[in-house]
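Chains as they are written, first to last, in the working numbering: chain L, 1287 to 1610; chain F, 1287 to 1610.
These aren't lab readings, by the way, just hints derived from the structure by calculation.
Treat the hints with caution; some may be incorrect.
Since the list can't tell identical chains apart, any single copy or any two copies may satisfy a pair.
Calculated cross-link-like contacts (lysine to aspartate or glutamate; reagent style DMTMM-like; alpha-carbon spacing at most 25 Å) [said to hold, decoys possible]:
#1 K1574 with D1367
#2 K1571 with E1527
#3 K1315 with D1505
#4 K1574 with D1375
#5 K1608 with D1354
These numbers come from a predicted model, not from an experiment.
Protein chains: 2
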Amino acid sequence: MAKDSFYLGIDLGATSVKAGVVSADKDDKKLLSTVAVPTAQRNRQDVLDAIIHSARQAVEQSHLALPDITAVCVASPGPIDLETQVICDSPNIEDWQNVPLGKILSDALGRPTVLENDANAAALGEFHLGAGRSATVMALFTLGSGIGGGVVIDGQVLHGAHGFAAELGHVIVVPDGRLCGCGQHGCAEAYASANSTIARATEALDAGRASSLAQVLRDNTQLTAKDVADHARRGDPLAEEILDGSAYYLALLSLNVRAVVDPQMVVLGGGMSHAGDILLTAVRKHFKRLNWHLQGADRCRIELAVLGNDAGMIGAAMAAAKIT
Amino acid sequence: MAKDSFYLGIDLGATSVKAGVVSADKDDKKLLSTVAVPTAQRNRQDVLDAIIHSARQAVEQSHLALPDITAVCVASPGPIDLETQVICDSPNIEDWQNVPLGKILSDALGRPTVLENDANAAALGEFHLGAGRSATVMALFTLGSGIGGGVVIDGQVLHGAHGFAAELGHVIVVPDGRLCGCGQHGCAEAYASANSTIARATEALDAGRASSLAQVLRDNTQLTAKDVADHARRGDPLAEEILDGSAYYLALLSLNVRAVVDPQMVVLGGGMSHAGDILLTAVRKHFKRLNWHLQGADRCRIELAVLGNDAGMIGAAMAAAKIT
């Protein structure tokens, strides 16, 4: 990375596209602009237009022109073929199979463009500008409807042999446990994601457990992970038990990730991490209780993400910096 | 690695020291010599003498002299401080705490010397000259009294932030399961190592289960993992069940390692892998059954190690090649 290099990061989210420019030299990295463009239609042309529009706006907002941008990266959910820079599929955009997005954007913007998995990008963002700034090895869990994961080692995203590394939500924590969307049983995602936390709470209510959450379920017909955290914070025993369960499975996941990649830090990100201290404290408690008794056992820390929804966009910019 | 470079690998085993010279250029790697020196006394001086003696003999057997050796690496069990190149401790050598073995040997042999964890070295050996030659990302389990692990990514050992990466035997496969020597509950090592396989078989016999293993236990007062595999091969139902259990837990471990590092190949090494096809087939069966339904799920293969007891020594030589 040369001094005064500018990188454009684009995050392809579920309801909008976010773009931002990061200025980066070896010692200093700064976010110069952030633009969010909603993608109401969620079809191919709408999303492509939003990406290009947000990209141009972010560059303009940074008082730069496209030729000032060294490289561009788009963080995208779903499987990406890193060799061909093609998005294989998307869970939530129409006609979005086998999209050669790298080529489409480098043609449209005139700058070298690469793709990165969104959770990997978020991990790279937290590593460079967020919770992991002091780490050399860091793992991130993005706790949303599922659990995404990213591992960064010495500034490099761990991609594995086929681009499927750091699928941390699919580490099995309960053998023959709850069915996961991936087809495995007992994945961390099937217990500790926002959706699974809600499912476990709803099942307990359906089974007749008393809880202040019962009224919320009656009023809103469904719960949110925020409901569970809020009611746990207010001392509802069932909500506490459900959230503590999520924390327990996240601690098991953290221990397993630690055993494989030995990070200084496991970072909890994504929507459910907004539960904040009540979740963090519980994950740390279980991690400590379940941890091995070897020298240095306490050298792996659990922390909350700090970049919020900007992590993927910032990390995409940092991934763009890798290609130059 | 320049053409015609020679590297000396030394493997500090439980009853002997093995040393060998590997010639390596970019395309061709060959083991030129192997020397094993028993370490009867297992105290510090005896082991140091054996290391230096085996090193000199291996070089001589290769028709080389020490100045021809580019670098040396010792594969050692137990914790190593990679920064200071000090062996922190050893489970089975007297007076072997905080040994600056890197410095001792580079002084004695006059060649640059580094240390590497023995399972990491074995993984590097299988990666370069063994089962993993076709892989870019490979994981190895060494199935012995415990379960060691090594992960190699693009020819580099995954060390993690504190040198504790790839402690694959301590991935938890059963929450709140059997107590492991590390203090955690439910580690793969507590179920699928040779010792744990024996323990599970012995417990079943003690609980009155009928088996042809009962006579072996009466005759020899204890079982071996080979007994369990042999009797499983002959169709004893309990032995089959116990070995299949070990395979099941190894499949869970393989899936979890796959989710984190996405290797092309998981290699089963160590003494218990000599059970051979009966174990391999069972691990593959469970892996396939428990695997996710995502595209490319079958791209991670399970294979047997091929270098036997030479893996650590050969891998140590390849680790020596990394420092030059």
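Verification of the supplied hints:
In this assembly of identical chains, the alpha carbons of K1574 and D1367 lie at most 25 Å apart only when taken from different copies (23 Å versus 38 Å within one copy). Within a single copy, K1571 and E1527 get their C-alpha atoms as close as 14 Å, which meets the 25 Å cut-off; across copies the closest is 37 Å, which misses it. Taking CA atoms no more than 25 Å apart as the test, K1315 paired with D1505 passes in neither setting, with 46 Å inside one copy and 70 Å between copies. Taking the closest pair of Cα atoms, K1574 and D1375 come within 25 Å of each other only across two copies (24 Å); inside a single copy the shortest separation is 39 Å, beyond that limit.
Proximity of K1608 to D1354 under the C-alpha cut-off of 25 Å is restricted to the intra-copy arrangement: shortest distance 17 Å within a copy versus 38 Å between copies.
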